[in-house]
Amino acid sequence: MPVAIDVRRLNKSFGDKHVVRDVSISVEAGKVTGFLGPNGSGKTTTMRMLCGLLTPDSGEGTCLGLDILRETNEIKRRTGYMTQKFSLYDDLTIEENLLFIARVYGMDDRRRRVAEALAGLGLEARRRQPAGALSGGWKQRLALAAAVLHQPRLLLLDEPTAGVDPKARREFWDQIHELTARGMTVMVSTHYMDEAERCHDIAYIAYGALIARGTVAELIDRSALVTFKGEGPGADRLAPALMLEPGVEMAAPFGAALHVSGPDRGLLERAITRHRGDGLRWTEGRPTIEDVFIHLMRGAEDNFH
Amino acid sequence: MISGTRILAIMVKELLQLSRDRLTYAMILVMPVMQLMLFGYAINTDPRHLPTVVLDEDQSTLSRSVLAALANTGYFDFTAEAASQAAVDAAIANGAVQFAVVIPHDFSRRVVKGDEPQILVEADASDPTAVGSALGSLGGVAETALRHDLLGPLARNGDGAPFEIVVHRRYNPENITAFNIVPGLLGIVLSMTLVMMTALAVTREHERGTMESLLATPVRPIEVMIGKLAPYVGIGVVQTVLILGLARLLFGVPFEGGWLALAIGVALFITGSLALGFLFSTLARSQLQAMQMSIFYILPSILLSGFMFPFRGMPDWAQVLGTVIPVTHFLRVVRGSLLKGADLAQTWPSLAALGVFVVVVTALAMARYRTTLD
Ligand SMILES: Nc1ncnc2c1ncn2[C@@H]1O[C@H](COP(=O)(O)OP(=O)(O)O)[C@@H](O)[C@H]1O
Ligand SMILES: [Mg+2]
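Listed in order, the protein sequences are those of chains U and F.
Its first residue numbered 1, the first sequence is counted upward by one per residue in our numbering.
Its first residue numbered 1, the second sequence is counted upward by one per residue in our numbering.
The set of hints was computed from the structure by calculation and includes no laboratory data.
Even glycine gets a Cβ: it sits at the ideal position worked out from N, Cα and C.
Watch out, some of these pointers could steer you wrong.
Simulated coverage check for chain F against chain U, where a stretch passes if three residues somewhere in it have a Cβ under 8 Å from a Cβ of chain U [said to hold, decoys possible]:
#, region
1, 13-20
2, 213-219
Covered stretches of chain F (chain U as the covering partner; in silico rule of three or more C-beta atoms under 8 Å from a C-beta of chain U) [said to hold, decoys possible]:
#, region
3, 3-10
4, 198-210
Put together the whole structure using the sequences plus the hints.
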């Protein structure tokens, strides 16, 4: 399998804050890789280093076979980057924004390509409206259209779905899969756990260090987590009490049921036994990816604090 | 390699954004007119100790008494002695002195004969506020200067002054304040718009997050800089033409020539101001900071450059500070060329100072500018 991104031991500090620590990551071409991690864990910083917006303090590697330190201009030409914050020009119209991008990338046949993009977006009728007047969902679609206008081979999306409604999120993910079906490689950061399920591959980062890599199923299997599901009257309200039990890493209500998980089966069983009398039925379940992430976070906390 | 298309892309974008921004329009057009009205009619002061060159062809006790009396008024400081009328003319033309006093060789002889001879006071009146009070004091000087020298039979009892002081106003004979203020305004308006607008234009991209997208494209930093600044060069030229046109139409400011010096001065000043705005934008973390830095620069430019108060009327420390301010030198070029018709030979020190300003600020801006977000 060809790799689109292959970097080793990237480091970046701001002042005395070590924000990205020895991150090595390789991404297969044509896949959607989800980049997950809590806020401030270094996702944006890592992506900026991949597309040449930040210079790593140390580390090496390639993007699309181009050196991330020396060939940033070539990388920029072939990469689309959608920033975390909407960063088209609010005071330019939708069409002017796209034309600007087309010029900056030196594309030929600009009018036609912009017209096609507008048609694809369904924004032909509104092309003379200022981009700033669009709603969140539309802004995000426009930003995506702008990021792929020059037909990049690699697309980096930084929390593209933050603050977007569920329907728009769903459509957005459908679009991303269409793009990869046509051969584009996509790396997308998010902190929505459900979106992890829509990625071919996951990279999980905490406190600047990459701590897990693989498919959702692999991560769940590898975690060796044990999860029990409690059902019955008032199950969802038991979470705070169970959180205090030794061996319980996470206790969270899912609808009317309660998920309790932890790495040690013995401790966990002892914990739920103490709450069996409350009329709950306990069954063993498979951990969700969210359970796994919380487990990973705990481990990272222990390592870095 | 620099790409014309990419520069054009940024220029077109920049012009479009300018055209969306009503406030900017107002700043470009209304501000110069408003300031013209405010400052053109409002400023007045009374400077003393003005540098004066002396051409004393008489070298007598009486001529020395006259000079002493002039010095006693507090307005005239004799900073130089000239050997000829040509040297006097040169000192006034290049701005080394504000006044010249010329005493003819037969002065004493004719005073003693009761001939009522004339001495000549020449004034660089391009800034009327700078010379007004000084010239007003001259009447008394003629009356009293020789009171202690002309005793006994020479004493003039009620026959009027023993000699006459003739005043010759150079460059602005009718004493019109606006002639001085209006060309000076060019420097202030250009600073205000160009420094502030470029500082804001770049900081705005950082603040809104658009700089991140821009830097993620193949655009080179130098292309961003040229593309962003070029439209403002046009704005600077429009403002220059507007102000000079109004200066001529509304105030009848004389244009004595010196066009080459003026053109070079305007070009250097616009370039330097843009580079300074760009430098501010690399230092500021927000538009507000960029604004504050611009004001921090513009206030002393108004107060200490010789625009608001006659430069020579300022205390020494203020003159030292003023010399470091680019506007000071720009004003000298503009006033020199428009009012005195000064050529390159006379304005080169100020032009050189502007050149230094451009080079230093551009170098600093380039050194500060980051192609990445580091
Ligand atoms: N330019 C910067 N200067 C200083 N600190 C920064 C800068 N960019 C990011 N950081 C810090 O680095 C850490 C990681 O940030 P970021 O990469 O944005 O995380 P994420 O995208 O995962 O939320 C945060 O603590 C953030 O405050
Ligand atoms: Mg981020």
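Going down the list of hints, with the structure as the test:
no. : hint    : in the structure
1   : 13-20   : holds (count 4)
2   : 213-219 : holds (count 7)
3   : 3-10    : holds (count 6)
4   : 198-210 : holds (count 3)
Violation of the numbered hints given earlier is absent; every hint is satisfied by the structure.
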